Amino acid sequence: MTSLVLQDAHLVDPERLREGRGSVLVENGVIADVAWGAAPPAPEGARVIACEGRVLAPGLIDMRAFVGEPGAEHRETLATASEAAAAGGVTTVVTMPDTDPAVDEPAIVDYMLRRARDTAVVRVLPAAALTKGREGKEMTEFGLLGEAGAVAFTDGARCVTNARVMRRALLYARDVGALVMNHCEDPDLVGDGVMNEGELSARLGLLGIPKEAETIVLERDVRLARLAGSRLHAPMLSCPDSLEIARRAKDAGIGLSCGVSINSLTFNENDIGGYRTFFKLSPPLRGEDDRQALIEALVEGTIDVIVSDHDPQDVETKRLPFAEAANGALGLETLLAAGLRLVHADRISLPALVAAMTSRPAEILGLEQGRLSRGAPADLILFDPDEPWVLDKAELRSRSKNSPFDEARMEGRVHLTLVAGRVAYSA
Amino acid sequence: MPDARPRYPHRHLLGIEGLSPLDIEALLDAAEEAVEVSRRVEKKKSTLRGRTQINLFFEPSTRTQASFELAGKRLGADVMNMAVASSSVKKGETLVDTAATLNAMHPDIIVVRHHSAGAVHLLARKVDCAVVNAGDGAHEHPTQALLDALTIRCNKGRIQGLTVAICGDILHSRVARSNMILLAALGAKVRLVAPSTLLPVGIEALGFPCFSDLRRGIAGADIVMMLRLQRERMHGSFVPSVKEYFRYHGLDAEKLSHAAPDALVMHPGPMNRGVEIASDVADGAQSLIREQVEMGVAVRMAVLEALASHLPNG
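Line by line, the protein sequences are chains A and B.
My numbering puts the last residue of the first sequence at 422; the count rises by one with no breaks.
My numbering puts the last residue of the second sequence at 385; the count rises by one with no breaks.
These aren't lab readings, by the way, just hints derived from the structure by calculation.
All values derive from a computational prediction rather than experimental measurement.
Every clue listed holds true.
Sample of chain B residues facing chain A (criterion: CB under 10 Å; computed from the structure):
hint, residue
1, T165
2, D168
3, G189
The C-beta atom is built at its ideal place from N, Cα and C for all residues, glycine as well.
Produce the complete structure using the sequences and hints provided.
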């Protein structure tokens, strides 16, 4: 039996929103005990790590990351994404099916899981396509894909626009207990739009994307979920009107859960400045008022989870005029540090922030990890929430370098990442 | 004797935004002198002798490219035109790669037109020479705004206090964007007139009154500036048809009678006669359209000279 004691840490228990001094005992890859207060004597023969008051929390669960494998390995592989994740404190990555081929058959889920087992240092959970070929027409084999290991169903960056397809998918998903996540962005209303619609887009001469592109799809999906009596996850909300729809749905008892991109919590459209393509995202960055409303919704619980929306893009797709560049930004490696900005600004408590990236996604996905509880998998991270550092893109572990935080000052750095009790990253 | 006039202080001309009224006036004053040069039999100056000017056009253009070419040649520069339809950009080379390639040839001035907003800024960051924006997407077309201002100043004697109505496809127009910024900076009262589908959302925040009715929009205006309507807009559900557009938004003599009696009509060209403007108005006594073209060469000479003064050994 292998034992490990993490002693004298500042524990964060996201389920009970509790924090304080304590120690954790890990045995055989599982949390064997959580001791609050002064450290109990370590079991004989146990390896002891002195945490010296640094934060010990469950490893983060990221519900939305794009990985280039299979099909775009020049941008990111499961191996490089997982290294970036481990360095950023993410121990479970839900991958989007926007690969080539798309993850729309059990054999491809199986391939992903085998590749992850052989090459990745963190847990990889594939989300499968909601429709075949992510074309929005015919639903995929939810049952068989689920058996193969798919944890959720989504067309990733694409929105299912056909309401009939969406209705049937939600109905069928209820039967097999599948989780449906539909990207809320009506492509027709987006049109040639490339950024938030408003004064800034008018100034920059860029075509705008109205918030209604998001709210119309969200409202439709919520109504269809009610009709189907099924669960629904809205992956990334970006504006107060969407939050209003979400609040109403939750009050009405509809099984809706909501996410927000760390980018929408951290940046606003002004960051685009002189046409900086690393800030070209979907949903687009909105105004500062919208960002503030999203932070409040996170604190009050209308927003359940924070996702990295990790989307590696290379020079070929980003070093272009703004309108021609691809959407997307790296996020795995900076997720925690970016989130900690909200804690340092006294906008949210540390346990509440951690919950949005651990126990809440675990509940939605039905996972055992993401908790600081006896019997839970020992996916743990040890970090100094105050350590200052400057992001240098040359040091990023991702194969792509499109981080919106390039040269940004960060506060908070991961020192140790454990997955099932084994070291996945050590600073 | 030291030159007492204010000097244009920037390395590039990427847009009107960011220029002070003094910068603009300096360019207009210089352009007015260039008009004289252009009217002489001997039109050549030697300010740019030995300099290399590359006209890099990612979008087809006849008049702007010809105007920049003539301006460069009258100043003695070696002018090279690069039409991109026949270049390596079509082979997948990125804009940044093209910039690096051109930069290695040590040009002194690059004049760029590109179909994407911000593309000229991107290019300017990657080269060592001076860059002139000859139009980037729906963002800016600064020399057009300067030549429009010069045309107005020559005919009205001032810009301050004039009411200028900019009419038509404002959503897709870089000309409109540069003009509204420039004219407002020099004290004109700018109005925007367009069907609501062709007005950018959020434009009201810039503080210009917006009208969807042409007669009301140009009522009492001193200058009526018409914009070109691209025919492909009919397919994007922006306007239903050419016929309907001309009926409600095309400038004809009757509609023009709502403007000030001495109102002047402008158009950046090329015109769609019978779409945004009636032929009799375009060719009529109130039209400045041909004069705009003449001013175009003068303004571009002034801009090239101003930028050349910042070049090494300039």
